[in-house]
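Peer 1: From first to last, the protein sequence lines are chains L and F.
Residue 167 in my numbering is what sits at position 167 of the first sequence, and the numbering runs on without skipping anything.
Residue 33 in my numbering is what sits at position 33 of the second sequence, and the numbering runs on without skipping anything.
Note that these hints are calculated values from the structure, not bench results.
Because the structure is a prediction, the values reported are computed rather than measured.
Fair warning: there could be bad hints in the mix.
What the hints assert, rightly or not - From the derived model, a few chain F residues whose C-beta atoms are all more than 12 Å from chain L:
1. Glu23
2. Trp27
3. Trp34
4. Pro67
5. Thr82
6. Pro87
7. Pro130
8. Gly163
9. Phe169
10. Leu188
As the list claims (entries may be wrong) - List time: in silico SDA-like cross-link candidates among lysine to any residue, alpha-carbon distance up to 25 Å:
11. Lys116(F) / Thr212(L)
12. Lys194(F) / Arg209(L)
13. Lys116(F) / Met177(L)
14. Lys116(F) / Arg156(L)
15. Lys211(L) / Lys194(F)
16. Lys194(F) / Gln71(F)
17. Lys116(F) / Glu179(L)
18. Lys84(F) / Tyr198(L)
19. Lys116(F) / His169(L)
20. Lys211(L) / Ser198(F)
21. Lys167(L) / Val65(L)
22. Lys116(F) / Pro193(L)
23. Lys182(L) / Lys154(F)
24. Lys211(L) / Lys154(F)
25. Lys194(F) / Thr201(L)
26. Lys211(L) / Asp4(F)
27. Lys84(F) / His169(L)
28. Lys182(L) / Phe115(F)
29. Lys116(F) / Asp204(L)
30. Lys182(L) / Pro191(F)
31. Lys182(L) / Asp4(F)
32. Lys116(F) / Ala210(L)
33. Lys211(L) / Met85(F)
34. Lys84(F) / Arg129(L)
35. Lys84(F) / Glu95(L)
36. Lys84(F) / Ile22(L)
37. Lys154(F) / Asp4(F)
38. Lys84(F) / His103(L)
Beta carbons are placed, not taken as given, at the ideal position from N, Cα and C, and that holds for glycine.
Here's the letter readout for the chains.
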Amino acid sequence: MKTVEEIRAAIEAGVPGAGVEIVPNPGPAAQHSLLLDPERAVEVAIFLRDDPELALDFLSNVTGVDWLDKEISEKVKVTHQVTKTVNGVEQTVDESAEEVRKHVVPGYLEVVYHLYSMAKKDGGPVVLRMRTRNRTDKVELPSMTSIWRSAEFQEREVFDLYGVVFKGHPDLRRILMWEGFKDHPMRRDYVEPDDFEYEPTAHDAVLTRAKTHHEADAAKGEGQ
Amino acid sequence: MAVDEQLKIELGKQGIVVTTLQELYNWGRRSSVWPMNFGLACCAIEMIATTMARYDLARFGAEVFRPSPRQADLMIISGTVTKKMAPQVVRLYNQMAEPRYVIAMGACAISGGPFKQGYNVLKGIDRYIPVDVHIPGCPPRPEALLQAFITLQKKIDAQPLTGEERPRFLDEKAPGEFPVPEQGEHDLEPPANKSVWSAPVVIR
Chain L
1 MKTVEEIRAA
11 IEAGVPGAGV
21 EIVPNPGPAA
31 QHSLLLDPER
41 AVEVAIFLRD
51 DPELALDFLS
61 NVTGVDWLDK
71 EISEKVKVTH
81 QVTKTVNGVE
91 QTVDESAEEV
101 RKHVVPGYLE
111 VVYHLYSMAK
121 KDGGPVVLRM
131 RTRNRTDKVE
141 LPSMTSIWRS
151 AEFQEREVFD
161 LYGVVFKGHP
171 DLRRILMWEG
181 FKDHPMRRDY
191 VEPDDFEYEP
201 TAHDAVLTRA
211 KTHHEADAAK
221 GEGQ
Chain F
1 MAVDEQLKIE
11 LGKQGIVVTT
21 LQELYNWGRR
31 SSVWPMNFGL
41 ACCAIEMIAT
51 TMARYDLARF
61 GAEVFRPSPR
71 QADLMIISGT
81 VTKKMAPQVV
91 RLYNQMAEPR
101 YVIAMGACAI
111 SGGPFKQGYN
121 VLKGIDRYIP
131 VDVHIPGCPP
141 RPEALLQAFI
151 TLQKKIDAQP
161 LTGEERPRFL
171 DEKAPGEFPV
181 PEQGEHDLEP
191 PANKSVWSAP
201 VVIR
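Given these sequences and hints, build the entire structure.
Peer 2: Structure, rendered in structure tokens:
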């Protein structure tokens with residue numbers, strides 16, 4: 001089985017200028033993935049499927065990941081000029097102070113594809129990733145259904161649960177939730193509806209939500 | 001006005017059968033409870049196993065599983081009820097002809113079970129329809145389903161024909177149809193049917 005670097009080299013040779021990056025996976029499984037540019041992703045996918053060396057003809061899994069906006073705060077040493085009185089004489093002096101600077105790295109939605117080769121049957125999955133521009137309005141990605149048919153239902157699931165819109169999908173509608181449902185349940189900021197009236201062994205987040213109903217319980221109990 | 005048991009047995013030895021209308025009526029009803037083909041998830045496999053040769057459910061009267069709700073008496077809710085499926089379950093229950101009974105089989109049908117915190121799981125079908133027997137288990141063994149069926153039969157036996165305790169189908173004022181929940185934007189509307197289910201009060 002080719003390593004990630006070899007596959008990347010093959011893609012660069014087969015689809016020039018495709019802009020594929022390697023996302024390393026530091027865990028012991030070492031399943032490094034290839035980050036595709038959404039513009040050229042369909043060409044790269046067709047190459048991966050049709051190349052006689054790789055022959056990645058089986059898409060076994062499509063899943064989504066929700067990366068939230070990250071706030072990164074760094075401590076920066078800043079020097080600026082300050083007018084101070086030193087020994088009775090007014091001077092401008094350089095003073096250095098530590099400032100905490102915060103900036104927000106915008107979040108995105110990511111779709112991960114796992115590919116195997118049934119023709120070669122030579123080992124572990126090739127993992128592809130595609131990222132949207134942001135989590136709110138720019139959530140379009142190209143669909144892989146025309147290349148691997150098994151993407152049809154799985155991309156519908158990613159659309160339903162994460163909100164990623166797949167361009168070119170033949171039938172993009174919700175698959176697990178119902179048609180009029182408004183949220184995307186697998187996103188990090190999804191709030192479940194409030195049906196926690198009876199939770200016998202609640203803990204952590206569920207406990208905080210169930211507690212609002214406990215006060216009603218206590219009132220009922222005292223009223224009896 | 002029941003007949004004394006000892007007297008019944010003595011008369012029975014002599015070949016004389018004494019009974020009341022309630023006993024006869026209920027005996028006929030409980031000996032031929034026909035369930036509906038209604039399996040949702042893994043508990044349905046256990047239900048199928050209960051109808052097969054080893055733990056035969058037919059010897060208790062559940063001779064045929066009717067596919068149509070109009071012809072069935074019993075609905076065994078076996079499996080997780082998702083919020084997407086819940087309106088359909090209530091609609092099928094409404095279409096069953098009275099007298100009708102519901103067995104909630106397995107943890108998922110009772111309260112949502114191991115998937116209780118799922119975004120699409122209804123936390124117990126008894127939020128919308130009245131349930132007669134609950135069977136705990138994940139899945140309950142076929143013997144447990146047989147015991148639930150026998151419990152249901154005992155419950156039917158004990159139902160009086162007149163008076164305060166009479167069952168729903170003999171009471172004109174009892175509701176014959178239960179409102180079907182709508183699939184709203186974030187959850188089912190209403191999240192529970194207040195006349196059928198109220199949250200158990202737990203003293204902490």
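Peer 1: Now tell me, hint by hint, if it's right for this structure.
Peer 2: These are the hints, each one checked on the structure:
Every CB of chain L is more than 12 Å from the CB of Glu23(F) (nearest about 38 Å), matching its label as outside the interface. Every C-beta of chain L lies more than 12 Å from that of Trp27(F), the closest at about 37 Å, which supports listing it as non-interface. The claim that Trp34(F) is not at the interface with chain L holds, since no C-beta of that chain comes within 12 Å of its own (minimum 31 Å). Distance check on Pro67(F): its Cβ is at least 25 Å (rounded) from any Cβ of chain L, clearing the 12 Å threshold; non-interface status holds.
Under the 12 Å C-beta cut-off, the non-interface status given to Thr82(F) relative to chain L is violated; the minimum distance is some 8 Å. Non-interface call for Pro87(F) relative to chain L: violated, since the shortest CB-CB distance, roughly 9 Å, does not exceed 12 Å. Listed as a non-interface residue, Pro130(F) keeps its Cβ farther than 12 Å from every Cβ of chain L; the least gap is roughly 17 Å. Distance to chain L confirms Gly163(F) as a non-interface residue, since its nearest Cβ pair spans about 28 Å, more than 12 Å.
Listed as a non-interface residue, Phe169(F) keeps its Cβ farther than 12 Å from every Cβ of chain L; the least gap is roughly 29 Å. For Leu188(F), the shortest C-beta to C-beta distance to chain L comes to about 8 Å, within the 12 Å cut-off, and the non-interface label is violated. Restraint check for Lys116(F) and Thr212(L): the C-alpha separation of about 18 Å stays at or below 25 Å, so the hint holds. The straight-line distance between the Cα atoms of Lys194(F) and Arg209(L) is roughly 21 Å, inside the 25 Å bound, and the hint therefore holds.
Only pairs whose Cα atoms come within 25 Å are accepted, and Lys116(F) paired with Met177(L) is accepted, the gap being roughly 16 Å. Proximity of Lys116(F) to Arg156(L) is assessed by CA-CA distance (about 24 Å); at most 25 Å being required, the pair is judged to hold. Only pairs whose Cα atoms come within 25 Å are accepted, and Lys211(L) paired with Lys194(F) is accepted, the gap being roughly 20 Å. Taking the CA atoms of Lys194(F) and Gln71(F), the gap is about 29 Å. The hint is violated against a cut of 25 Å.
The hinted pair formed by Lys116(F) and Glu179(L) meets the criterion: a straight-line CA distance of about 22 Å does not exceed 25 Å. As the CA atoms of Lys84(F) and Tyr198(L) are separated by approximately 21 Å, the hinted pair is consistent with the 25 Å bound. As the CA atoms of Lys116(F) and His169(L) are separated by approximately 33 Å, the hinted pair breaks the 25 Å bound. A threshold of 25 Å between alpha carbons decides the hint, and for Lys211(L) with Ser198(F) the separation of about 17 Å falls inside it, so the pair holds.
In summary, the hint linking Lys167(L) to Val65(L) is supported, as the alpha carbons are separated by about 18 Å, within the 25 Å threshold. Distance check on the hinted pair: Lys116(F) and Pro193(L) sit about 12 Å apart at the alpha-carbon level, within 25 Å; holds. Between Lys182(L) and Lys154(F) the CA atoms are separated by roughly 46 Å; this puts the pair beyond 25 Å, and the hint is violated. Distance hint between Lys211(L) and Lys154(F) is unfulfilled; the C-alpha atoms sit about 39 Å from each other, more than 25 Å.
The hinted pair formed by Lys194(F) and Thr201(L) meets the criterion: a straight-line CA distance of about 24 Å does not exceed 25 Å. The suggested pairing of Lys211(L) with Asp4(F) is violated, with an alpha-carbon distance near 53 Å, which exceeds 25 Å. Between Lys84(F) and His169(L), the direct Cα distance comes to roughly 23 Å. Compliance with the 25 Å bound is thereby established for this hinted pair. Taking the CA atoms of Lys182(L) and Phe115(F), the gap is about 21 Å. The hint holds against a cut of 25 Å.
This hinted pair checks out: Lys116(F) and Asp204(L) have alpha carbons roughly 15 Å apart, not beyond 25 Å. Restraint check: the Cα-Cα separation between Lys182(L) and Pro191(F) comes to about 16 Å, which is no more than 25 Å; the hinted pair holds. For the hint linking Lys182(L) to Asp4(F), the alpha-carbon distance of about 63 Å lies beyond 25 Å, and the restraint is violated. The straight-line distance between the Cα atoms of Lys116(F) and Ala210(L) is roughly 13 Å, inside the 25 Å bound, and the hint therefore holds.
For the suggested pair Lys211(L) and Met85(F), the alpha carbons sit about 29 Å apart, so the restraint of at most 25 Å is broken. Restraint check for Lys84(F) and Arg129(L): not satisfied, since their Cα atoms lie roughly 31 Å apart, outside the 25 Å limit. For the hint pairing Lys84(F) with Glu95(L), the CA-to-CA distance comes to about 65 Å; that exceeds 25 Å, so the pair is violated. Taking the CA atoms of Lys84(F) and Ile22(L), the gap is near 40 Å; set against the 25 Å cutoff, the hint is violated.
Restraint check: the Cα-Cα separation between Lys154(F) and Asp4(F) comes to about 19 Å, which is no more than 25 Å; the hinted pair holds. Restraint check for Lys84(F) and His103(L): not satisfied, since their Cα atoms lie roughly 41 Å apart, outside the 25 Å limit.
Violated hints, listed in ascending order, are 5, 6, 10, 16, 19, 23, 24, 26, 31, 33, 34, 35, 36, 38; each of the other numbered hints is respected by the structure.
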